[in-house]
Amino acid sequence: MIAQNFEYTVATSLAEAVNLLQKHGGRAKILAGGHSLIPMMKLRLATPEALIDIGRIPELSYVRQDGDMVRIGALATHHVVETSDVVMRHCQALADGAGLIGDIQVRNKGTIGGSIAHADPAADYPASILAFDATIVTLGPKGERLIPASKFFVDMLTTALEANEIVREIQIPVQSGKTGSAYLKMAQKASGFAICGAAAVVELDGSGALAKVAIGITGVGNRAFRATETEKALKGQKPTTDLLKKACEKASSGVIALEDIHASADYRLDLARIFARRAVEAAIERA
Amino acid sequence: MRVEGQFEFEGISSEAVWDFLTDANRIAECLPGCEKLEKTGEGTYEMQMKIGVGAISGSFSGGIRLHNLQPTSQYEMTVNGTGAPGFVKGEGKVQLSPKDSGTLLQYSGDVSAGGAIASVGQRMIGGAARMVIDQFFKCVAGKL
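Those protein sequence lines, which keep their order, are chains C and W.
Residue 1 is where the first sequence starts when you use the working numbering, and the numbers rise one by one after that.
Residue 1001 is where the second sequence starts when you use the working numbering, and the numbers rise one by one after that.
Treat the hints as calculated values from the structure; they're not laboratory data.
Keep in mind the model is a prediction, meaning the values are calculated, not measured.
Be aware that one or more of the hints could be misleading.
Unchecked claim - Per the computed footprint, the stretches of chain C lying under chain W, defined by three or more beta-carbons under 8 Å from a beta-carbon of chain W, are:
#: 1; region: 18-29
#: 2; region: 39-48
#: 3; region: 256-262
Backbone N, C-alpha and C fix where the C-beta goes; we use that ideal spot for every residue, glycine too.
Could you build all of it, start to finish, from the sequences and the hints given here?
Structure, rendered in structure tokens:
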């Protein structure tokens, strides 16, 4: 199908893009890589009156370490994230996730900022973004805003972004000590979207106990979430096989799961328990 | 797609909730994106609404039919809508039970869709329906 008519403007700076968003009063969409938005427009599920292309703004596709912070520009493509030395060194789960998105064409065009702003319930990044306690930097008419990951993903396709705000940067604190992280997923065969994806970030103390453990799960509920009960059960403990199995039984408790022809709600809840355990095991292996 | 859930109306009687939920004008006040809701017969309404979940949005026109009404305790509802993104059909039951602190509303039903929505958005239909339902009941609670 062909998209409904729309106006198209190339923004030369984020500030200009914010102004244009203001002008259209919520009826325009920001175009970054276009790998979620354009297919939806072609099916006429999304019918914005204007597209504001930020894809050509220079210097927004960086990944760099800045002291104890990894900074990722909103326009960094999945391929850039997947292959970045900084990401591989400090937040490997994010690189794992980026490398599992769609196919190489999608990873060469799709951006991290676009993906998280779209907030597909089955997107890969949100699991890691939550587990790393990342901060989302946005730009709006009133200037910059820092949104903690825990407040960013509000509901299905819905974030804490205002209609006139744009994601500028993702900040991930550099983990200290003996740490490791991993992201694993069960993908839908055709689309590559996560039926369930789990990211784990761990820190081991001198005795081999879990000084820190954070688990993010995507694809299961309306939005990605932290497996807080599992984290509580594991924190401060030595991660034995039995304990991991028992603690991960609670990974999806209280969650209302999505369902479709690929996986029932119960199956997704069960995958969450299994993938939470596998992700923690893989993260420990890397610590 | 099975959709079920519940909602508590703190300090609101089941009579008040019932009156609201069976009054077309009041439903229209709270139905997200409702552009038109007209009573066309006993328990039947014609509606036009624009449903938006994030970047996805679509205008639907269709009807709502309330049946098997058992005043202040339960009723059944059939909803259907057609629009550019496809069609949506829903059938469900709403039950109200008085509690010390107010009224407990429980709903359960099936939602199905066809057309473009179903081909790409099937995995999101149940979740999107829950979002709209939740917004609706929150609004109702706010107005009572």
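We went through each hint and held it up to the structure:
no.	hint	in the structure
1	18-29	violated (count 1)
2	39-48	holds (count 8)
3	256-262	holds (count 6)
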